[in-house]
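Engineer: If you want the building blocks of each chain, they are given just below.
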Amino acid sequence: MKALEVRNISKMFPGNLANDNISFSVEKGEIFAIVGENGAGKSTLMNIIYGIYTPSGGDILVNENEVNIRSVEDAIKLRMGMVHQEFMLIPRFTVTQNIVIGDEPHKGIFLDYGRAVREVRELSERVSLTVDATALAGDLPVGVQQRIEILKVLRRGAEILIFDEPTAVLTPEETVELFVTMRKLQAEGKTILFISHKLKEVMEIADRIAVLRRGKLQGIVNKKDTNEEELARMMVGRNVVLEIPKVDVEVGAVAFACHDLHVRNNRGYEAVKGMSFDVHGGEIVGIAGVQGNGQDELVNAMIGFSHPVSGSMELNGKNMRMVTTAQLRKEGMSYITEDRARRGLVMPYTIRENSVMGQHLSRPFSKGIRMDYDKIGEFAEGKVKEYDIRPGDVYDTAGSLSGGNQQKLILARELSMPHNFLIASQPTRGLDVGATEFVYRKLLEEKMAGKAILLISLELSEILGLSDRILVMFEGRIVGETTPDKTTEEALGLLMLGVGIDEKVQS
Amino acid sequence: MSENNFTTKFLKLFGIDNQGHSRRDHLNIWVPLISVGLALILGMIVIAASGRNPFQAYGLLFGDSGLIPGGPAWRREFAELLIKSAMYIATGLSVALAFKGGLFNIGAEGQFWVGAIVATFFGYWSPVAHTFGAMYIALGSFGWIAQLLHGAICIIMGMLAGGAWAAVAGYLYVKRGVNIVIGTIMLNWIAWFLITSWLVIGPMTPPSQTFTSGTFYVADTAKLLRILMPTRLNTSILLVLLAAYATWFLLYKTTIGYEIRAIGYTANIGMEAPRAQGINISRRIMQLMFLSGALAALGGTFFILGMQYQFPNTAIMGYGWTGIGVALIGQSEPMGVVLAGLFIGALRTGATSMQVANIPKTFSDIIEGMAVGFIAMQVAVRYYLVKIIQHHHTRRDPPADQEAAA
Amino acid sequence: MNIVQINLTIAQMLDYTMPILFAALCGVLSENAGVVNIGLDGIMRFGAFFGLLGAFFSHSPWIGLLFGIGIGCLVGALHAFITIRWNGDQTVSGVAINVIAVGLMTYLLEFVFSTTGYSPQIENYFGAQAYRVHLPFLARIPLLGAFSNLSFMIWFGFICTVLMHVLLYHTVLGLRIRTCGENPKAATTLGINVFRIRWFAVVAGAALAGIGGATLSISSFSGFSDSMPNGVGFIGLAAMIFGKWTPFGALGAALLFGTGQIVQSIIAVTGIAPKLAPGLTLILPYVLTLAVLAGFVGKSIAPAADGLPYYKEQR
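Residue numbers (my numbering), protein chains in the order written: chain Z, 204 to 710; chain R, 1009 to 1414; chain C, 842 to 1156.
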């Protein structure tokens, strides 16, 4: 019997067709994986199935009956349970409390905690998911916390479990345990859907695998009929390649260098596990990788938002491991971010005001304490023309601009500051073709002007088109180093997905 | 378009240039107006419900508030209006400035009193008082210079103390994660009790008196100069208008203000953008709290040097709390704060006359509280406003955050 | 110092403690659900006046108590309306309540009783001998003797503390309340109506603050004074923080701070440290609270989502 079926599901967001006519079915008792790159539409699809989004078109059938899922409650009533990537636990409560909230065993108005603990223990034993029922959830390791989330959905009678990138936060040992759990659940007749981009794991645990790419279903394969390479190929494919002219520039001195860098993420785990590389003036070094492999933490360390645990970082030969953002900028660092709303711009500030942030303390924009808004206005007008930012009114707030124009504003600001090392983190995210071309042009201009550029991107075509050297980042390390002419998108894609790595780690 | 006439120049002085550009929220001016309007209407209902005549009441309220010229007592009322308003504007500026930086300085009250007590001290402390007393005599007809200087010293010291007091809260917030609201509230009461239950009844009180009226009196040279005789209007209103201009200048014309506003705008989302551009958030926040406290303290110095001439036993809280309301009604804009401060001052001045109509003079507090309540609900106010205004500006492009939903 | 004096001092201390405790409990309930309420000082003022009003016209303190509860609920509903329904700033709403309370009670005092400063005194209040809870068998015992002749409100305070503890930590509702204060998003995914729970917590908490105010006017004293509650609400806020957002913690803190308030009388009676200025002990609650918050005296942990407005998940 088909436990779940989706027919012609589509989801349209403004400017973005996230899911395009997707159809597939999942048999009861199957472990069904959905893989795809970032932005392929996996999360959107799951959110539709779980009632968080409503589809723009298409139907869903549960146990072969058509259903209308309009809320999470509906999904839960249909015996679906989702284990989110971000846990919904309360660290201060015990495991038992976390599991029974909303469905508490009670004697009248009183919580029957004793019974709750017993029920949790029974459930835990029955599905062989060991947890310490009375421990505080916050004290437990991530793998155990995930078990709590699983127990939560099982307690509510979930027959169809959806896992969203479950192994993203687990150690290898914990992943093994999770798979054991999944097999047990499968033996009990539960149906499991899970999203992942870790092909090795998918190949290990799934029965069938659906591949999404750019919102479309590329295909569904049986595990035994396929392998990682084929999956990767289906995921990655050929994108619309923009004509990026090859520019040869003589490489200059080392602008940025790091050695054996270790950086923690804000959960306390190491996300960068010993990276070493350098960037010379006049070259673009591209770091390719799937989101979540340590890129964010690397960038945070490079811009001074966090300090590395160990290792060294140098800008123009000067030790920059424990300095502030201001000092880094003074030494010549510029930064283009993809997070325009939080990190890139102050949205309620006008184009004028945003255009000089970072160099607002220097002449001619200010003299001592006094800011010269006339000069700032002139500067902004100039940049608006140069970068073709629309509409062209420098008194418009940054928040009123479209994404592409916001990115142009960020570029204008960053490139106009004295710098010799540019960090470009996903600089074309969310931009249309025109804006993307513009960004590429500017980056090449920078390269020709002898700046050192570090490009971090999830778009392989971008990496291949712009970079002089390519580093592939996977799980906090550099797992491959090459140049565009020596590799292909498929090969890079495989490396990015952790396939075929024979500890050929660089230095 | 761009005529360089007087109007343009005048408006430019306040940041509104040629095309009246301020693409920021146009609704900003309506929220306070509507909030106050609703509060006044509710006030009428309250009065009517208690069996009095609302129109007579409001006639007395506004007629004797000092806002409306004419009538026998107008000079005095006008003076009262300005004296009160000066203090409200000071604390209002304090809270408003902090708001601009994303901080809720609810302890303006405590900072006010710190300023007051320190000003008192430098007003009567013998080394200082005698120096200026001597200077006053020596300068003869230029004696007012001594007054100016002594007053200035008292005010400056008061402001420094108030600023330092606020900076303590800032430090606790930046370095220790202590919530600014709680921190300033606690410091508020610490200051209040240290002052009223220790300094004023102990070390700073003339020993001869038992149930005294308060501390030593400040020297004549410390008192603020009177203007507009024979009322007791003093220079405080001029000083505070200067402070308002300075605050405006700081916020909109200096690098400090630029950074403060950037921090304020991003306070709810982690302040990453200013940080990424190298702005030193901790330093600015500390400076902001200092300035904020200094402004509130300025009001405190007015209380002593302009009105009481000593720190009285009978002091009651209120100026700082009112300042919060003034800042909210004034939407944290220096100009708005001045107007809101004058409005509240008018309410308080006129409220005394309402007693003729059998309405207690604390009625103005009620109006003020309701106005603040409406401002607290500004989301609701805006919601209904936008609904009423059917076709408002809608941009053609989709808002940026939706586009980037990849 | 004899037994009688000690007992009397303790009784006096308990008298001071209870209003603080009620205010603290208000905060505990409300903030455990995630809503900050700094207006509790204002609500106390409402409760003090209306409590007296009820007691005055009905000649019964019990009616006064009911009035106190009622007005607390009303004002709490206003705060809930502003902050939960309209996601208004919780601090600003609290400030509004405080400001209105100041003016309105003075207004009503004059309007109802035609006086300023003090309302007429009442005879039937919880502090009156006729209404006290008499336990004469305790009278001769040191320490316990303090409990031999206390106002009902003091006992009520202890009872409320216990009830709140049971509510928060032993009932289903309590668990859900705390979930809303820790992670409202998680609560929603578990089918809990965060808005309804927060409404309950705010209104019920405000009722407690109203009771606390009434304690001042119809228990500790026998009338409403225009200076009430004299900042007691803020001491209660401090007690809540110092007590780490738990009912018994609030009780302990309130007892500590209550003692601090009457140190002056203790000094007068025992004669020690006569040179100590009252101000130096009056600031104790606030200094301690800051010390706790700054991490100098153990860790102070508020409910994780305390004070954050909750937006129902859109998308």
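These are calculated hints, taken from the structure and not from any lab test. There's no promise every hint is true.
[Said to hold, decoys possible] DSS-like, lysine-lysine: derived pairs with alpha carbons at most 30 Å apart:
id	chain 1	residue 1	chain 2	residue 2
1	R	Lys1261	Z	Lys570
2	C	Lys1085	Z	Lys310
3	Z	Lys521	Z	Lys403
4	R	Lys1261	Z	Lys521
5	Z	Lys588	Z	Lys533
6	Z	Lys476	Z	Lys280
7	Z	Lys476	Z	Lys521
8	Z	Lys231	Z	Lys387
9	Z	Lys476	Z	Lys533
10	Z	Lys427	Z	Lys231
11	R	Lys1261	Z	Lys588
12	Z	Lys570	Z	Lys533
13	R	Lys1183	Z	Lys533
14	C	Lys1026	Z	Lys280
15	Z	Lys578	R	Lys1183
16	Z	Lys427	Z	Lys205
17	Z	Lys449	Z	Lys387
18	R	Lys1183	Z	Lys588
19	Z	Lys403	Z	Lys588
20	Z	Lys387	Z	Lys280
21	Z	Lys427	Z	Lys449
22	Z	Lys521	Z	Lys205
23	R	Lys1183	C	Lys1085
24	Z	Lys231	Z	Lys449
25	Z	Lys403	C	Lys1085
26	Z	Lys588	Z	Lys521
27	Z	Lys387	Z	Lys403
28	Z	Lys280	Z	Lys449
Engineer: Holds or violated: Lys387 of chain Z and Lys403 of chain Z, Cα atoms, limit 30 Å.
Structural biologist: holds, 20 Å
Engineer: Hint check: Lys521 of chain Z vs Lys205 of chain Z, CA-CA at most 30 Å. Holds or violated?
Structural biologist: Measuring from Cα to Cα gives roughly 62 Å; hence the hint is violated.
Engineer: Tell me if the straight-line CA distance from Lys280 of chain Z to Lys449 of chain Z falls inside 30 Å.
Structural biologist: violated, 57 Å
Engineer: Decide if the proposed pair is consistent with the structure: Lys427 of chain Z and Lys449 of chain Z, CA atoms, cutoff 30 Å inclusive.
Structural biologist: Not OK: Lys427 of chain Z and Lys449 of chain Z at ~42 Å, beyond 30 Å, violated.
Engineer: If you draw a straight line from the CA of Lys231 of chain Z to the CA of Lys449 of chain Z, is it 30 Å or shorter?
Structural biologist: Violated, because 53 Å separates the two Cα atoms, which is more than 30 Å.
Engineer: Between the alpha carbons of Lys476 of chain Z and Lys280 of chain Z, is the straight-line distance 30 Å or under?
Structural biologist: violated, 43 Å
Engineer: Are the Cα positions of Lys1261 of chain R and Lys570 of chain Z separated by 30 Å at most?
Structural biologist: holds, 11 Å
Engineer: Between Lys403 of chain Z and Lys588 of chain Z, is the straight-line Cα distance small enough, at 30 Å or below?
Structural biologist: violated, 49 Å
Engineer: Take the C-alpha atoms of Lys1183 of chain R and Lys533 of chain Z, compute the straight-line distance between them, and say whether it is at most 30 Å.
Structural biologist: Between Lys1183 of chain R and Lys533 of chain Z the Cα gap is close to 25 Å, so the pair holds against 30 Å.
Engineer: Is the hinted pair Lys231 of chain Z and Lys387 of chain Z satisfied, with a Cα-Cα distance of at most 30 Å?
Structural biologist: holds, 14 Å
Engineer: Can you confirm whether the C-alpha distance between Lys570 of chain Z and Lys533 of chain Z stays at or below 30 Å?
Structural biologist: OK: Lys570 of chain Z and Lys533 of chain Z at ~18 Å, within 30 Å.
Engineer: CA of Lys1261 of chain R to CA of Lys588 of chain Z, is that 30 Å or under?
Structural biologist: holds, 25 Å
Going through the hint list in order, the structure does not satisfy hints 3, 4, 6, 15, 17, 18, 19, 21, 22, 24, 25, 26 and 28.
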